[in-house]
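Q: Spelled out from the first residue to the last, the chains are:
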Amino acid sequence: MADTVTPRKHERSFVRTFLTSPTAVKGEEDSAKMLRGAIGLRGMQAPDVWTPDNEDATAPTMRDEGAENVAEVVAEEGADFPGEIHPRIVWRRDDAGTRYQGLQHMLRIADPKKEAIEHIDGFVFPEVGDIDDWKKADEAVTMVENEYGLEEGSLKMSVIVECAQAELALEDLRDEMGKPTNNLERLFMLVDGEVDYTKDMRAITPTGGLPPWVELRHNTSRGASAAGLIAVDGPYDDIRDIEGYRNRTIENSAMGMNGIWSLTPDQVVTANKSPLPPVEGYWLLEAGDRKIELDDEGDAWTYAGDRVTLEETGDRYRLTVGDDRKELDEDELHQELVDMLEYVPNMDDMVDSMEEFEEARDSGIGAIAMTRDATVRIDGVEMEIEDDRMWDEATYEAAMTPVKLFQDVYENRPDQHEELEEMYGANVVDRATEIGS
Amino acid sequence: MADTVTPRKHERSFVRTFLTSPTAVKGEEDSAKMLRGAIGLRGMQAPDVWTPDNEDATAPTMRDEGAENVAEVVAEEGADFPGEIHPRIVWRRDDAGTRYQGLQHMLRIADPKKEAIEHIDGFVFPEVGDIDDWKKADEAVTMVENEYGLEEGSLKMSVIVECAQAELALEDLRDEMGKPTNNLERLFMLVDGEVDYTKDMRAITPTGGLPPWVELRHNTSRGASAAGLIAVDGPYDDIRDIEGYRNRTIENSAMGMNGIWSLTPDQVVTANKSPLPPVEGYWLLEAGDRKIELDDEGDAWTYAGDRVTLEETGDRYRLTVGDDRKELDEDELHQELVDMLEYVPNMDDMVDSMEEFEEARDSGIGAIAMTRDATVRIDGVEMEIEDDRMWDEATYEAAMTPVKLFQDVYENRPDQHEELEEMYGANVVDRATEIGS
Amino acid sequence: MADTVTPRKHERSFVRTFLTSPTAVKGEEDSAKMLRGAIGLRGMQAPDVWTPDNEDATAPTMRDEGAENVAEVVAEEGADFPGEIHPRIVWRRDDAGTRYQGLQHMLRIADPKKEAIEHIDGFVFPEVGDIDDWKKADEAVTMVENEYGLEEGSLKMSVIVECAQAELALEDLRDEMGKPTNNLERLFMLVDGEVDYTKDMRAITPTGGLPPWVELRHNTSRGASAAGLIAVDGPYDDIRDIEGYRNRTIENSAMGMNGIWSLTPDQVVTANKSPLPPVEGYWLLEAGDRKIELDDEGDAWTYAGDRVTLEETGDRYRLTVGDDRKELDEDELHQELVDMLEYVPNMDDMVDSMEEFEEARDSGIGAIAMTRDATVRIDGVEMEIEDDRMWDEATYEAAMTPVKLFQDVYENRPDQHEELEEMYGANVVDRATEIGS
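Residue numbers (full-length UniProt numbering), protein chains in the order written: chain B, 1 to 437; chain L, 1 to 437; chain P, 1 to 437.
Heads up, some of the hints might be wrong.
Which copy? The list can't say, so a pair holds if one copy fits it or any two copies do.
Said to hold, decoys possible - Each computed DSSO-like pair below joins lysine-lysine, with the alpha-carbon atoms no more than 30 Å apart:
1. K326 / K136
2. K326 / K273
3. K273 / K404
4. K136 / K113
5. K135 / K179
6. K326 / K291
7. K136 / K179
8. K113 / K273
9. K135 / K113
10. K33 / K135
11. K114 / K26
12. K326 / K33
13. K113 / K26
For the record, the hints were derived by calculation from the structure and aren't laboratory data.
Next up, chain B with everything else stripped away, as it sits in the complex (with noise of 0.2 Å):
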């Protein structure tokens, strides 16, 4: 069955991380010293996504001088920078001056004797409104290709949805992207700006965090889906809690939101690795509202928290889990168990399970068991319990996504290809590389 997604627009199908720099500090004697930081960033390091930041990161007083620091920096290393380069330039719904001004500014750094724009894949839009607003950036980028004898829709274009407007025209993508007067195929990433999205839907909390804007979220991955394009979320404010942006990134992947904003190298390797999947696959026990990582202590896998407890009382169990409890027989206890535990595969598990589908469907048979066995021990207390699940072409082709984006990085990223080889084994790669092609 071929596979109906709506297929990306450009090369590359998935960005994982987005990492914005200043483009001009001041006070610095080299002004364009962020730039030539970032831009030699290798491996896991490295974004996907490298945007230079000539609005918000960059004084207002210092942007000029930032376009000619992107042009500069871009030309003289670019080449060699392994991720794609998308400057961000100033852009305003209600302000036709600031939109004129970040023209000016896409038209310095894309001149061809400046020898930048070979490097430059595309440009972002903060402030955008409705779909009409967004057009008109479309046309700015026209007039910049037009200018300097780039083919049309060559440049591609990426959005801040960060107002309520832009929220709402991410339905309309699908219907516009074809019309004759626009060039809105260029159009690449959609990323939330989730800080400007609370000022515009003028939202207040008690500590002044930012709220969690799940349909926000959720209706930027479904325009991406609609219309091909690929969805990425905004900055996350606090540096230092990497596990909390960590768990973020696969809140947003259960969205099908696989890129993040990185504000930081540390950032980028941690949004570079979690959508990938795992190098060891372990057990999950679901406690409550909690989900807990179990120990594989190698001949089983060990609860060793104290909100689940079993007992064995002569035959029977005697199972708690926080203020539940539950007299069971060995039956009742296996059943409980096998519902409260969930595996988590590593990338070998799935590559296994992928091959065992594909050799079922090419001899004709539609769906079949994968189960997976374990030894869990909990408060001494051991038993054999299995995990199966149904595989069809429809359970086959959800659960290629995490590989095809493995895929993607693969192709795309040859700077991290050692890392991965590393992380996985060559073996493992190889297989990965192959699969569902």
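Could you slot chains L and P onto chain B? The hints should help.
A: What follows is chains L and P alone, placed relative to chain B:
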């Protein structure tokens, strides 16, 4: 005040259950075996809508034979089947060949010479895209109707919403259904397909389990409500986990999605009963994040768990909920318990309340308080509490929904009358079928 | 950087409270008694918007008299009422007779001879359907304006969003409001009506309680933001449960919905105060799924609960949160507590931060860290911790929302000046009204 709910387009206002069966199984001497099994179902085991599945549940190589099987089995036994019959045929928004094949399969199944069509209520289309793709599906059905001299629009059409494009199309239905160049008024069910949707959204979860997709379910329910259609949730994979399945139906009903896909007769029984008002009313005690059902011990409703404790200390009380401890006097305790307790009415209670309100309304009173008393016992401490709620016209109409669902079931499913009377008693059934009419 | 929030269409930018009163009560010697009571409210007990309710709150047989009462009472006392006055009249998307009746009631209320119209700001329409139905309502108001020689568009129009059709219409407002053949720029408030919405969505809950309808509230807030309108939540039935009501307003504000329906003067007081910055700042300790307010004991912020425990073990510490126990050294504990603690700033703190940022910005600095120190005591163990957050232009503007709300209140509600000065002190009020201008 007349009811302003958008009137449904077809006889049935509610569909609780949507059971799919493979149309042709390889290697069986009778490849139609599964169809013959399903079409024989009656009573609570029989679904409101039965869908011979000539798509994913049937191997591609078996689908031509599958179409013949559907025609044959429905011709033989369709007259006696108590639910509606809506075969699913193949369709793909991105593959004209598959769409043409779907048309051919419909032509085979609907061919009057095969004498199945008089028992077939409509067809189900998977993998639809945006609204213009839905119109292609509608046109395919129109061709079938025209070819066989059936009235245009007489065959219903249902779709599986399993991609972002289709989710967006849900917003267009109300505007598009009236247009002169389509017969989209034939639309009947909007069925979510979360597995393919997860693939299309490129969502990733650590275990490979499905994300909750709350927004998709809300948008499907909203689209159904705005266009007078019926919302149905997708398959629930873990067929052993009947409790989880039942909880899913309760969660769905709170979103206005009163129907769900069923993979087995056990699931059908559960989903047929779940949205019906309960036989026995009971009290819930809200303990932190969970609601615990109290035990009816005749003289008092008793709480048995460990999460909430209550202790009499002289003329005061110590109430603990989880980690929270409160010292209260009698009035404060009473107020606290009133806030913590909620009553779940059974059908008898509902009919009582309806009748009470109708009387009040007829005597010119716009709003009345519905009060319910109970004796509650926690750790041996007893207290009289009451739960009262203001009812006005809007409350009355909102409360009518489960009763209307019951009435719709009673009218359309005579084969369930016996079981319903066993459950509720003939007297309650009589009053429930009369009320509100 | 100019503020890009979509400018509101009317003088008021915020509505905290929307109080409804029956227009004519049967059996009272003065059927307008409730109106006279409400129009006499002042200060925190008076709502930002008062709605004499000639629909659901008034018996159908009393509504003609109700319209006369509204005109009479508003003519007599409307000049002195501190909030806006927006009567609700009858309307039904599916009943032309009701719509005509609504028009007649508006004509009675607005008749210049009755001298009420100069104190009436607009009308509220219930039961509206899709956008074309909103246009009918707009046209009815235009007829009233035309009949009495009022300027077209001078009367505001607000709607109750209580069906799926209206929820979908929220997405059309921005495009439709500019069109030459309507006066939809008169739109003012978008008010959710969850009881009727629950009926229209055919949602069922076991207890008959209302579903949370998070998506509806988000979509209403988004629609208001995109079109420059004001979002208001629906009625909160349990009028005794003031704490639950307050929590609802906090949840709403985090969605950008800063107003809520009030059924009683007590609810008005709560909802008028809730979105205002707190008088005293305080620290929150995140313990698992809950956030607990610490007690200010002068020398330290102290945690009193049982959920979190902290113990010194020689040169190390044992921290338990619910079931999780951690052994930490001093630095690890410090980091852990910093992650668990959040500060809720009072208005004084907010103004300080604003001023600090404005200074930095004027001196050309784009981003600064706002730091806050505290001594925290848990189980007798004390520790110095600090909470710091990066502020840039966007953070500053997002943080302005509660201050702008305060300024809007201060400008539009002179009758609350005294209470506000009692709450905050004259000095804080002065600084808060100056900042950002």
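Q: The structure should be examined with respect to each hint, and the outcome stated for every one.
A: Going down the list of hints, with the structure as the test:
When the C-alpha separation of K326 and K136 is checked against a cutoff of 30 Å, the pair qualifies neither within a copy, at 64 Å, nor between copies, at 55 Å. In this assembly of identical chains, K326 and K273 lie within 30 Å of each other by CA distance solely across copies; the values are 27 Å between and 40 Å within a copy. Taking the closest pair of Cα atoms, K273 and K404 come within 30 Å of each other only inside a single copy of the chain (14 Å); across copies the shortest separation is 42 Å, beyond that limit. With identical chains, the CA atoms of K136 and K113 are at most 30 Å apart within one copy only, with a shortest distance of 26 Å there and 51 Å across copies.
Proximity of K135 and K179 under a CA criterion of 30 Å is satisfied in both settings, with 11 Å inside one chain copy and 20 Å between copies. In this homomeric assembly, K326 and K291 come within 30 Å of each other (Cα to Cα) both inside a single copy, at 19 Å, and across copies, at 18 Å. When the C-alpha separation of K136 and K179 is checked against a cutoff of 30 Å, the pair qualifies both within a copy, at 14 Å, and between copies, at 21 Å. Proximity of K113 to K273 under the C-alpha cut-off of 30 Å is found in neither arrangement, the shortest distances being 38 Å within a copy and 61 Å between copies.
In this assembly of identical chains, K135 and K113 lie within 30 Å of each other by CA distance solely inside one copy; the values are 28 Å within and 52 Å between copies. In the homo-oligomer, the alpha carbons of K33 and K135 never lie at most 30 Å apart, since the shortest distance is 34 Å inside one protomer and 57 Å across protomers. Within a single copy, K114 and K26 get their C-alpha atoms as close as 23 Å, which meets the 30 Å cut-off; across copies the closest is 67 Å, which misses it. In the homo-oligomer, the alpha carbons of K326 and K33 never lie at most 30 Å apart, since the shortest distance is 63 Å inside one protomer and 42 Å across protomers.
For the identical chains of this complex, K113 and K26 are intra-copy neighbours only, at 26 Å inside a copy versus 68 Å across copies, given an alpha-carbon limit of 30 Å.
Comparing the model with each numbered hint stated earlier shows that hints 1, 8, 10, 12 do not hold.
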